[in-house]
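No gaps in the numbering here: position 194 of the first sequence is 193 in numbering that gives the first Met the number 0, and each next residue is one more.
Just so you know, these hints were derived from the structure itself, not from any lab.
Don't take every hint at face value.
[Said to hold, decoys possible] With beta-carbon atoms standing in for the labels, derived distance ranges:
1) K30 <-> E139: 31 to 37 Å
2) E88 <-> K20: 35 to 41 Å
3) R348 <-> G240: 46 to 52 Å
4) V84 <-> K230: 41 to 47 Å
5) K20 <-> E139: 30 to 36 Å
6) V366 <-> I290: 29 to 35 Å
[Said to hold, decoys possible] Think about it this way: if two alpha-carbon atoms lie no more than 20 Å apart in a straight line, the pair counts; the simulated EDC-like pairs of lysine to aspartate or glutamate are:
7) K30 <-> E288
8) K343 <-> E331
9) K281 <-> D322
10) K397 <-> E337
11) K230 <-> E395
12) K238 <-> E291
13) K230 <-> E277
14) K280 <-> E291
15) K30 <-> E219
16) K202 <-> E219
17) K238 <-> E277
18) K280 <-> D226
19) K22 <-> E268
20) K333 <-> E277
21) K307 <-> E384
22) K397 <-> E338
23) K238 <-> E222
24) K225 <-> E268
25) K225 <-> D89
26) K238 <-> E276
27) K307 <-> E338
28) K397 <-> E297
29) K365 <-> D322
30) K22 <-> E331
Glycine included, C-beta positions come from ideal geometry on N, C-alpha and C.
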Amino acid sequence: MSQSNLKSMFTDYIDGDSFFKNKDALTTNWKPDNILHRDQQINDLASILAPSLRGDDPSNVFIYGSVGTGKTLITKHVTEELTSVANSEDVDLNIVYINCKMKKVADTEYRLLAKLAEQLGDDVPSTGLPTDEVYNRFFEALQEQEGVVVIALDEIDALVKKVGDEFLYNLTRINDDLQKTKVSIIGISNDLNFTEYMDSRVKSSLSEEEIIFPPYNAIELREILKDRAEKGFVEEALKGGVISKCSALAAQEHGDARRALDLIRVAGELAERSSSEEIAKKHVDKAQEKIERDRIVETVRSQPKHSKLVLYIILDMTDDQDDIATGDVYSEYKGLCEEVDVSKLTQRRVSGLISELDMLGVINAKVISKGRYGRTRQISVDLSEDIRGQIKEMVEDKFYI
DNA sequence: AGTCCACAGGAAGGGCAGGCGA
DNA sequence: TCGCCTGCCCTTCCTGTGGACT
Numbered sequence: 000m001s002q003s004n005l006k007s008m009f010t011d012y013i014d015g016d017s018f019f020k021n022k023d024a025l026t027t028n029w030k031p032d033n034i035l036h037r038d039q040q041i042n043d044l045a046s047i048l049a050p051s052l053r054g055d056d057p058s059n060v061f062i063y064g065s066v067g068t069g070k071t072l073i074t075k076h077v078t079e080e081l082t083s084v085a086n087s088e089d090v091d092l093n094i095v096y097i098n099c100k101m102k103k104v105a106d107t108e109y110r111l112l113a114k115l116a117e118q119l120g121d122d123v124p125s126t127g128l129p130t131d132e133v134y135n136r137f138f139e140a141l142q143e144q145e146g147v148v149v150i151a152l153d154e155i156d157a158l159v160k161k162v163g164d165e166f167l168y169n170l171t172r173i174n175d176d177l178q179k180t181k182v183s184i185i186g187i188s189n190d191l192n193f194t195e196y197m198d199s200r201v202k203s204s205l206s207e208e209e210i211i212f213p214p215y216n217a218i219e220l221r222e223i224l225k226d227r228a229e230k231g232f233v234e235e236a237l238k239g240g241v242i243s244k245c246s247a248l249a250a251q252e253h254g255d256a257r258r259a260l261d262l263i264r265v266a267g268e269l270a271e272r273s274s275s276e277e278i279a280k281k282h283v284d285k286a287q288e289k290i291e292r293d294r295i296v297e298t299v300r301s302q303p304k305h306s307k308l309v310l311y312i313i314l315d316m317t318d319d320q321d322d323i324a325t326g327d328v329y330s331e332y333k334g335l336c337e338e339v340d341v342s343k344l345t346q347r348r349v350s351g352l353i354s355e356l357d358m359l360g361v362i363n364a365k366v367i368s369k370g371r372y373g374r375t376r377q378i379s380v381d382l383s384e385d386i387r388g389q390i391k392e393m394v395e396d397k398f399y400i
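Turn these sequences into a full structure, and let the hints guide you.
Take a look at the structure:
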């Protein structure tokens with residue numbers, strides 16, 4: 000692009016009509032005035048939490064539902080309403096919301112306790128103290144509260160799978176030691192079978208009440224999307240069938256409203272970038288590809304260097320071989336480490352990295368037995384040429400391959 | 001039926017960086 | 001500054017295992 004073209008592109012951008020009138024309305028963080036198809040869940044959660052307005056401690060509640068079914072949105076909505084009533088009625092109520100999956104924030108017991116203490120007004124260093132000291136600080140911070148404290152732990156399944164359920168046991172028993180404060184816990188999980196991982200005592204005290212968020216079907220998704228699109232896009236930006244297409248695709252993805260919103264927003268951005276007259280179905284297809292590509296590439300980018308090298312080897316080997324084994328990858332990997340002058344990891348560790356890449360959905364690795372010839376992982380890659388190229392390029396740039 | 005391969009994957013612990021309190 | 005504590009990444013050591021081969 001020549002420099003004058005660049006200039007005209009920018010001026011066109013300013014002068015050009017945008018498809019968007021409020022892009023925020025097309026993101027998951029945006030809270031609509033009326034939340035569709037979740038009346039039952041809103042009422043359930045509200046009636047469980049309502050006793051806190053009279054100073055009683057509400058039952059602990061467990062919320063289940065897969066990704067994009069509105070768990071976080073509804074929890075925030077109900078707790079915000081509750082807080083505003085509590086404020087106007089002068090009731091002591093404190094709501095703490097924490098996402099346990101947030102890397103480096105609340106993904107270990109220490110960090111969770113530190114974060115909880117911080118939200119209750121105590122400052123705890125991000126590392127350095129013994130865990131029981133952090134627990135004490137959190138406990139003291141709780142004691143200084145008056146009335147009810149509701150702790151909402153989002154993506155609690157991720158944390159329990161990582162560090163066990165002992166912290167939950169402590170949390171659910173904390174009321175026994177508190178005098179004037181009452182604590183209630185909302186556990187939010189994406190994994191419906193998650194309680195199987197937990198001790199039965201924790202399970203029973205945490206699941207005093209349960210609320211299930213079923214996936215949205217295509218019709219519900221369409222209504223949600225239509226509502227958001229009216230707020231997010233200017234009139235007549237969308238060609239017929241676009242909303243239906245987005246909702247149908249998202250319904251296939253376990254009724255994921257987040258995916259539906261991402262699809263329509265990205266489709267809008269792509270259409271705008273290609274200077275189209277309107278947003279059409281082809282933009283949705285492109286959006287689908289882009290979202291998947293970005294997800295994979297971003298996942299890989301955030302991996303440690305050895306994980307990148309291992310993936311590079313796997314991509315390289317699967318170029319002309321269908322299935323490869325852990326041992327093959329490891330011997331090639333050792334060669335690559337020498338080539339780029341990086342100290343190599345052990346096979347045990349590389350095996351772990353392969354398993355992590357599999358869990359992240361970047362590669363497919365399944366354990367098979369070849370009888371006499373041992374047991375190994377059969378590794379294959381199901382990525383488009385485009386994505387493979389991007390990942391390889393990223394690794395080559397980083398290590399000067 | 002027994003052997004044996006090529007790993008998988010659990011457990012324990014070392015070493016490091018970041019941070020605290022004395 | 002030093003001792004101590006944490007999370008994190010990694011190694012070492014180990015036991016387990018599905019099925020082809022003998």
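Given pair status - E277, K238, alpha carbons within 20 Å: OK: K238 and E277 at ~6 Å, within 20 Å.
20 Å limit on alpha-carbon distance, applied to hinted pair K22 and E331: violated (47 Å)
K365 and D322 were given as a pair; does the straight-line alpha-carbon distance stay at or below 20 Å? holds (10 Å)
Starting from K333, check that the Cα of E277 is at most 20 Å away, please. violated (52 Å)
Distance restraint between K281 and D322, which requires alpha-carbon spacing of 20 Å or less: violated (34 Å)
Restraint check for K30 with E219, where alpha carbons must lie at most 20 Å apart: Distance of about 17 Å is within 20 Å: holds.
Range hint 30 to 36 Å: satisfied by the CB atoms of K20 and E139? Given about 49 Å between the Cβ atoms, the range is violated.
Tell me if the straight-line CA distance from K230 to E277 falls inside 20 Å. holds (17 Å)
Given the hint that K397 pairs with E337, test it: the Cα-Cα distance must not exceed 20 Å. This hinted pair holds, its Cα atoms lying about 15 Å apart.
Restraint status (C-alpha distance of K225 to E268 at most 20 Å): Holds, because 17 Å separates the two Cα atoms, which is no more than 20 Å.
Could one say that the CB atoms of E88 and K20 fall in the range 35 to 41 Å? For K20 against E88, whose Cβ atoms are near 37 Å apart, the range 35 to 41 Å holds.
Checking one constraint from the list: CA of K343 to CA of E331, max 20 Å. Satisfied? holds (11 Å)
This entry does not satisfy hints 4, 5, 7, 9, 11, 12, 16, 20, 25 and 30, going by the numbered hints stated previously.
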